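Q: Numbering (the working numbering), first residue to last: 14 to 215.
Since the hints were made in silico from the structure, they are not lab data.
One or more hints might be untrue.
Subject to a maximum C-alpha distance of 16 Å in a straight line, what follows is the list of computed EDC-like cross-link-like pairs (lysine to aspartate or glutamate) [claimed, not checked]:
| # | residue 1 | residue 2 |
| --- | --- | --- |
| 1 | Lys43 | Asp201 |
| 2 | Lys30 | Asp42 |
| 3 | Lys167 | Glu192 |
| 4 | Lys193 | Asp181 |
| 5 | Lys60 | Asp79 |
Simulated restraints, written as ranges between beta carbons of each label pair [stated by the list, open to error]:
| # | residue 1 | residue 2 | range |
| --- | --- | --- | --- |
| 6 | Ile89 | Glu207 | 24 to 34 Å |
| 7 | Thr214 | Thr16 | 39 to 49 Å |
| 8 | Ser38 | Gly110 | 37 to 47 Å |
| 9 | Ile89 | Asn166 | 18 to 28 Å |
Since we're looking at a predicted model, the values are computed, not measured.
Cβ atoms here follow ideal geometry from the backbone N, Cα and C, with glycine treated the same way.
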Amino acid sequence: MNTQLLIIFAKNPILGKVKTRLAKSIGDDKALEIYRFLLSHIQLEIKSLAVDIEVHYSHFIDKGDDWQHDRLKKKIQIKGDLGTKMGHAFQQAFAQGYHQVIGVGTDIYNLKASDILAGFDQLEKNNFCLGPANDGGYYLIGMTRYKPQLFQNKSWSTSSVLKQSLQDLSSENVALLAEKMDIDTLEDLQKIEELNQIIKTQ
Numbered sequence: 014m015n016t017q018l019l020i021i022f023a024k025n026p027i028l029g030k031v032k033t034r035l036a037k038s039i040g041d042d043k044a045l046e047i048y049r050f051l052l053s054h055i056q057l058e059i060k061s062l063a064v065d066i067e068v069h070y071s072h073f074i075d076k077g078d079d080w081q082h083d084r085l086k087k088k089i090q091i092k093g094d095l096g097t098k099m100g101h102a103f104q105q106a107f108a109q110g111y112h113q114v115i116g117v118g119t120d121i122y123n124l125k126a127s128d129i130l131a132g133f134d135q136l137e138k139n140n141f142c143l144g145p146a147n148d149g150g151y152y153l154i155g156m157t158r159y160k161p162q163l164f165q166n167k168s169w170s171t172s173s174v175l176k177q178s179l180q181d182l183s184s185e186n187v188a189l190l191a192e193k194m195d196i197d198t199l200e201d202l203q204k205i206e207e208l209n210q211i212i213k214t215q
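Build the full structure now, drawing on both the sequences and the hints.
A: Following this line, the structure appears as structure tokens:
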């Protein structure tokens, strides 16, 4: 059994259900187009990883989508807030026997396979790792054992999530990866020309 697992928390690409903050500025159609672009990016990046992978969908398991990997399983997220969903996924992963588990979302334009591998490398020396996002949250969380506090009593989708998580880890050895930009607002989008071109096309 492979002892390393990557969990990808992905929303099903449904009009009006993805990139909702961004949609307030560019509309639901363009927001969906941006989200599909970000999905395609991470789908390409994970193909080279020699770890087990689980894709956890927000609404339903899509058996015909573009996720491709030799050791990929598809699951559906349980109901609840983000912490409840993530906590359940990590708890189940360790119950299955994995030793190192990393979770990522699908909103980081420049997330690379090398970033995920860097996270697993850090878990060889540390019990926890976090990839800070520019908005005060994190784009990656990894651990070698389940710590439920990380998924409880958080102001999810706010600028305090990383700070609150680091407070939970104050007595642990934790590594921080390079900061990356989460694509949530029009201002974020305009900083990346390739994504900005999507909203300019008719």
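Q: Determine for every hint whether it applies to the structure shown.
A: Each hint tested on the structure:
{"no.": "1", "hint": "Lys43 x Asp201", "in the structure": "holds (15 Å)"}
{"no.": "2", "hint": "Lys30 x Asp42", "in the structure": "holds (11 Å)"}
{"no.": "3", "hint": "Lys167 x Glu192", "in the structure": "violated (20 Å)"}
{"no.": "4", "hint": "Lys193 x Asp181", "in the structure": "violated (22 Å)"}
{"no.": "5", "hint": "Lys60 x Asp79", "in the structure": "holds (11 Å)"}
{"no.": "6", "hint": "Ile89 x Glu207: 24 to 34 Å", "in the structure": "holds (31 Å)"}
{"no.": "7", "hint": "Thr214 x Thr16: 39 to 49 Å", "in the structure": "holds (44 Å)"}
{"no.": "8", "hint": "Ser38 x Gly110: 37 to 47 Å", "in the structure": "holds (44 Å)"}
{"no.": "9", "hint": "Ile89 x Asn166: 18 to 28 Å", "in the structure": "holds (25 Å)"}
When each numbered hint is compared with the structure, violations occur for hints 3, 4.
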